[in-house]
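Enquirer: The chain contents come next:
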Amino acid sequence: MIWQLDLAILTLVVMAGIGAITVKDLLGAAIMFGAYSFMMCLLWSIMGAVDVSFTEASVGAGVSTVFFVAAVFRTTRRTKD
Amino acid sequence: MGDLIQIVVAKYNYWIYITLMMIGLYAMIVKNNLVKKIVGMNIFQTAIILFYVSTGAKRGATIPILEHGHDGHAHVIHAADYINPLPHVLMLTAIVVSVATLGVALALAIRIYNRHNTLEEDEILAQIREK
Amino acid sequence: MSQQYPALLVIVPLLSALVISAAGWINKRLCFPIAVAALGVAAYSSIGLLLRVMEEGAIVYRLGGWDPPMGIAYYVDHLNGLVLAVVSVVAFLNLIASKKSIEQELPDKTAPFYALYVLQVTGLLGIVATGDAFNLYVLLEITALSGYAMLAMGKDRAQLSTLNYLYMGTIGACFYLLGVGYLYIVTGSLNMVDIANILPPLYESKAVLGAFIICLVGVWVKMAFFPLHAWLPNAYTHGPSAASSLIAPLVTKVMIYVMIRLIFTVFTPEFAFNILAVSKPIVWLAVAAIFMGAILALAERNLKKMLTYIIVAEVGYMVGGAWLGNRAGMTGAILHIVNDALMTLCAFLVVSNIAYKLKGYAFDDLKGLVRKMPFTMGALVIAALSIIGVPPTCGFFSKWFLISGAIQAGQYAFMVALLFSSLVNVVLFFRVIEICFYEPFSNDHGHGHGHHPEPMAEAPLTMLVPLFIVAAGLILVGLYTGDIVNNIIEFAIPKSIV
Amino acid sequence: MKILGLIIALSTGVLLICATVDFPGWADPASPASTHLSPHFIEKTMEETSVPNIVTAVLADYRGYDTMYETAVIFTAGLACFILLRIFVREEPGDRLYRHVLTGVTVRVKEGAKLPPSEDFERIDATWTPPDLIIKTICRFLIPFIQLFALYVIAHGHHSPGGGFQGGVILGASIILLAISQDLRTSVRRLREKLDAVLCAVGVIIYAGTGALCLLLGLNFLDYSALASVLHCDPVTARSHGILIVEIGVGIAVMCTMIWIYNNVSSTGKYDEGL
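Here the protein sequences come in this chain order: A, B, C and D.
Quick note: the first sequence uses our numbering, first residue -12, plus one each step.
Quick note: the second sequence uses our numbering, first residue 1228, plus one each step.
Quick note: the third sequence uses our numbering, first residue 5, plus one each step.
Quick note: the fourth sequence uses our numbering, first residue 0, plus one each step.
With the rest of the complex left out, here is chain A (with noise of 0.2 Å):
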């Protein structure tokens, strides 16, 4: 394990969940949270799990982003805080 790249990963992951609840745009919010599940699954194919990083890769930063937006494009962007 090279901890230097895990360490930068874990950084970026803290930055994006800080980014995803506080930008004022849902979309953001949406493609932030994306960035931020994809941040998750490098970390944990680093740790070995392969099988939860695949299924984060394909849930996380697919399926669930792709639902994040599509409720966002149904409903609205504006978000107060």
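Not one of these hints is a red herring.
25 Å max Cα-Cα, derived SDA-like pairs, lysine to any residue:
id, chain 1, residue 1, chain 2, residue 2
1, C, Lys159, D, Tyr270
2, A, Lys67, B, Glu1350
3, B, Lys1358, C, Ala303
4, D, Lys43, B, Ile1290
5, D, Lys269, D, Phe87
6, D, Lys193, C, Phe36
7, C, Lys113, D, Glu192
8, C, Lys309, B, Glu1357
9, D, Lys43, C, Val197
10, A, Lys11, D, Leu3
11, C, Lys103, D, Phe87
12, C, Lys159, B, Tyr1340
If we take Cβ atoms under 7 Å as the criterion, some of the chain D residues that face chain A in the derived model are:
id, residue
13, Val54
14, Val168
15, Val264
16, Leu274
It should be emphasised that the hints constitute simulated quantities derived from the structure, not laboratory data.
Idealized CB from N, CA, C, for every residue including glycine.
Starting from the known structure of chain A, arrange chains B, C and D on it as the hints suggest.
Expert: Quick look at chains B, C and D alone, frame taken from chain A:
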């Protein structure tokens, strides 16, 4: 001091998961927008999955897929050579549960939007009180 | 075949839920009979299982044929045998009673509703039967998701309050999952009995303490224990009557069962009551829960919402009784799981009968109802007597055990809270019954009907018969309390609790 | 509210940090998690189930009961989205847009009015844009390969990462890609709502039914070695085959549920206009 730094460094995965969990929990409690809360909920669930996967990690071990030759030659398998597979199994289930919850939550949010034309909780409550 | 009861109990409802949802696309009329048959089989095998447990002691069923710490196993002992029987019987009776109201409230979505209903029952039965800590989490989520979907089908603000329930429920389930993870990291096992065997040398560890607190908080969120109860009243009030009369009696009680199971099997009573000094504060929280529930119920002008606040108070009874740490209190808590499931079912069935005929259950709608629906009101009176705790009904006996447990433990505040809540319940139900009995049915101030209603417009027989069975059950359980306590609950409580 | 939320989040964090201090070190091979159950799984999986991917073996066999409920959870979610969102409308409400295929003229049809039945008009979304050649062509090329890969993932789950769940999601995603790149009506025409919903249930029934078959053959629920007498092989191979069967069930159920949820969410239950 050295001890403390060692603890902090040795368990950094756990600190990150706690940070992410706090972010998610904070978003779920404080945010006013229903979809934002759902995003927070997902971050919260993913943080717990990170925790479980961290418990499965093992130094000096490889991914939990056994080497198998097609020559019929059986390898001797040492438990120390492979990462603990059990947390991975549990977390596959947890990921599925989180996407299922996400689907239901988004469906509810769309229903609420169709009725009240907004996703802000305070505006919805104000509309309900007016009636 | 009786070897396979533990599997049949859960598998038959699961398979039939799937069949119902597929059959709904072909012919909607097939759904109800399949659901009835499935829950009938579940009720039959759960009672068979309880009788077998009473003869032979605890039963272990290995799913997949793997031995327990490797695979998942069902442990059925006296405690969950009793709860299984209660859950399946309550679900069965409620299904029959709510056929008409489902058809009235959700005419074009009956098929998926029945499927969700049966899935919910599957989840509840699985939670009670399982001996694996992680398996419990998965089943918890089935119960939760099907519950959200059913409750959100109500009118007005049902969706918003269900979404709040979803947030809280997810937090609760995730906390439970996290607690299991903490246990896993220090013990390496997920099987409840196995964890309990490994734990004793680790009792001093902060990780075990953390796991205990997180699990407990998670379960409390799910059962709406006092500071975490805010989601419950709205979610249960606005749901369709069939859904709330299934979920209100069962979900909170099953979560209390989970708490007791955690105390008994996973962490052991020794750890929970002797090593940790948390009994006192938790009983105080329970006292606060009872007072808050009672006072908030007094402020309500709506029958169904008033009942939901009574549930909050009842949760306080059971949590407090379980944490008194003595045999009488624990007996009271377990007996109250049975009694409260029946009492709440009876009360909510009354509400769904009223909703079926009147379209509203605010106090103003109830005026002169006794002339219109005498049988329903009779059942309400029995439910009220039981909730208050009047001797021939079952509510009296569990309260008796709880109070004697409180005196034994020296927790007089809990005793006062129980008595206070009984008093408040007297006021609450007297007020309801007074409105129903003595205020004349006034037609002239706008119910929007315009025509004079018939003197008697009782709910259909399919709704009344289950209601009568439940009402009779309240009295019968009361009369046979001694047998239940001596033959079942006595063996359900570990010997170490005195 | 903000301060309350901060306090709750922080106090949870502090509690968790306190509990974490007593943990065994990260990635420690001697920690209880790595020494209690997992050695058995790692060392015995091959001889007991003959599946090299331990995660698949534990998922579908040792803890197969969990996985059955995991599939049931997904099914419940699909059903929940359906019951919450689906609106059965006979007459399509609101104005609709039609496009004359030959001339490219767009016609708006008022609510209640009907267009004469003709092959020349195709229904288009309110947010319709002319089809992009690049997107359309690339998606048409990609989708078969995505589906092929998904089938590989399901079938090869015994030997490599993947399995029914991942493969099912990818299969579902290929249909969702079709719905996004063209429109919802095209994808619904490929996989009708009724078929989709029934297949969801069928997928889970394959799983639970395999378990029930084992029960009928005289062993415990989900004990795949009972299938040996049906499949004419030894019990260990029967376990391996049993895992494949249930993985296929999971794949079907997950694929259809993902499509079902997407269709309901993206069209708010009307099934007319997608994303």
